[in-house]
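Chemist: Whenever a hint applies, use it, and build me the whole structure from the sequences.
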Amino acid sequence: MKNKLTLLAFSLLVLASPMMAQGTTGDPSDNNRRAAAYIAMGIASGLCGLGQGRATASAAEAMARNPGAVAAIRVALILGLVLIESLALYTLVITFIAK
Amino acid sequence: MEKELWMTAQFNHYLAGPANAVLNAVQTPAQNPASPWTDWMVCELLVVLFMVLFFALVRMRLSVDKPGKTQHVMELIYEFFHASAEEVVGHDGPKYLTFFGTLFLFILFMNLIGLIPGLESPTMYTMVPLGLAVVTFVFYHATGMRAHGFGYVKQFLGPFWWLAWLMLPIELISHAARPLSLTVRLFANMFAGEQVYLTFLVLTKVILPVVFIGLHLFVGVLQAYIFMLLAMVYVGGAVSHEH
Numbered sequence: 001m002k003n004k005l006t007l008l009a010f011s012l013l014v015l016a017s018p019m020m021a022q023g024t025t026g027d028p029s030d031n032n033r034r035a036a037a038y039i040a041m042g043i044a045s046g047l048c049g050l051g052q053g054r055a056t057a058s059a060a061e062a063m064a065r066n067p068g069a070v071a072a073i074r075v076a077l078i079l080g081l082v083l084i085e086s087l088a089l090y091t092l093v094i095t096f097i098a099k
Numbered sequence: 001m002e003k004e005l006w007m008t009a010q011f012n013h014y015l016a017g018p019a020n021a022v023l024n025a026v027q028t029p030a031q032n033p034a035s036p037w038t039d040w041m042v043c044e045l046l047v048v049l050f051m052v053l054f055f056a057l058v059r060m061r062l063s064v065d066k067p068g069k070t071q072h073v074m075e076l077i078y079e080f081f082h083a084s085a086e087e088v089v090g091h092d093g094p095k096y097l098t099f100f101g102t103l104f105l106f107i108l109f110m111n112l113i114g115l116i117p118g119l120e121s122p123t124m125y126t127m128v129p130l131g132l133a134v135v136t137f138v139f140y141h142a143t144g145m146r147a148h149g150f151g152y153v154k155q156f157l158g159p160f161w162w163l164a165w166l167m168l169p170i171e172l173i174s175h176a177a178r179p180l181s182l183t184v185r186l187f188a189n190m191f192a193g194e195q196v197y198l199t200f201l202v203l204t205k206v207i208l209p210v211v212f213i214g215l216h217l218f219v220g221v222l223q224a225y226i227f228m229l230l231a232m233v234y235v236g237g238a239v240s241h242e243h
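Line by line, the protein sequences are chains G and R. Oh and the first sequence: position 21 is 21 in this note's numbering, straight run, nothing missing. Oh and the second sequence: position 15 is 15 in this note's numbering, straight run, nothing missing.
Check the hints yourself; a few may be wrong.
[Claimed, not checked] If you only want the chain R side, here are some residues facing chain G, beta carbon under 10 Å, derived:
| hint | residue |
| --- | --- |
| 1 | SER84 |
| 2 | GLU87 |
| 3 | ASN189 |
| 4 | GLN223 |
| 5 | TYR225 |
[To be verified] A short, non-exhaustive set of chain G residues, derived as facing chain R with CB atoms under 10 Å:
| hint | residue |
| --- | --- |
| 6 | ALA71 |
| 7 | ALA72 |
| 8 | VAL75 |
| 9 | ILE78 |
| 10 | LEU79 |
Note that these hints are calculated values from the structure, not bench results. In this text, a Cβ means the ideal position worked out from N, Cα and C, and glycines have one as well.
Modeler: If you want it as structure tokens, here you go:
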């Protein structure tokens, strides 16, 4: 199974190599900036997704264990989700303003 | 010259003179003196006008004996604010309810006005959330100073006096990051929502953009609530009496 995955990953990378043959109309630093922006946004969104998943999971479990505290847990959940979300948004803003 | 909304064009047509006078009075002349009104300024003024008229109307029709439907809805909203303020800020939370309520409703209406074709959300431009964040920053420090006097500074020094040299820079940086995060959160949510909607409008013309409009609506309401909640948390932190 692991060998098949490695073969798949390697073949995907090899198949993507024609991308290098593209002529670039912009200067290379512009393309580098864009590539870095894509990777940065991907990492930021992935990690924030993980964080929000953990927050939601523990909030749901707490609400199931203690139905009386649902209102307070809901407030804490929303606050936590928005604060984690804002971290991904900082990355998005940086991708727009980075030179 | 970029395209401006019909409403902005009307404002520029009739009211360019007073706008230029005001801008020149504060030493920031407009970039294009023929059109000093910007889209977001016009929409912000429209929101303010709508809110003033709406609440004046509600206020005139308030009655104890025969409350109408609008009064019931307004009372529900007020109860929600009151409960939130008391829970988050502490016992004297409701003293500052005017500020929190205005903040929430202002941001809510500014976010929602972008959904009307022909108008756009002022919160999509960086300056508007920055203004709101600066006002919130000044407000919570002012309330903290009013509650504690000059002992307000003791909050920045941490629990023990021998940690003050470490706590002060950390506290200053974290307090300075608050208006930044408030601004970026509101601006980026609204801006990204609009961009995503435009992207999908170009890609798939009919059904999928509606989903994104729904998401933008939900995010607008949520971001307004979060701004108010964070303002309450900051005021609560500033006003809190440890003893």
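Chemist: Let's test the interface hint: is any C-beta of chain R closer than 10 Å to that of ALA72 of chain G?
Modeler: Interface hint status for ALA72 of chain G: holds (8 Å vs cutoff 10 Å).
Chemist: Would the hint on GLU87 of chain R stand, with a C-beta cut-off of 10 Å toward chain G?
Modeler: holds, 8 Å
Chemist: Is the shortest C-beta separation between LEU79 of chain G and chain R less than 10 Å?
Modeler: holds, 6 Å
Chemist: Hold the hint about ILE78 of chain G up to the distance rule: shortest CB distance to chain R must be less than 10 Å.
Modeler: holds, 7 Å
Chemist: Tell me if the interface restraint on ASN189 of chain R is satisfied: Cβ within less than 10 Å of some Cβ in chain G.
Modeler: ASN189 of chain R check passes; min Cβ-Cβ to chain G is 7 Å, inside 10 Å.
Chemist: Min Cβ distance, ALA71 of chain G to chain R: is it shorter than 10 Å?
Modeler: holds, 9 Å
Chemist: Does GLN223 of chain R meet its interface restraint, that is, does its C-beta lie within less than 10 Å of any C-beta in chain G?
Modeler: Because about 8 Å separates GLN223 of chain R from the closest Cβ in chain G, which is inside the 10 Å limit, the hint holds.
Chemist: Let's test the interface hint: is any C-beta of chain G closer than 10 Å to that of TYR225 of chain R?
Modeler: holds, 8 Å
Chemist: Restraint: VAL75 of chain G near chain R, CB-CB cut 10 Å. Satisfied or not?
Modeler: Status holds, d = 8 Å.
Chemist: With chain G as the partner, please determine if SER84 of chain R meets the hint condition of a C-beta pair closer than 10 Å.
Modeler: Constraint on SER84 of chain R satisfied, holds at 8 Å.
Consistency note: the structure conflicts with none of the earlier hints.
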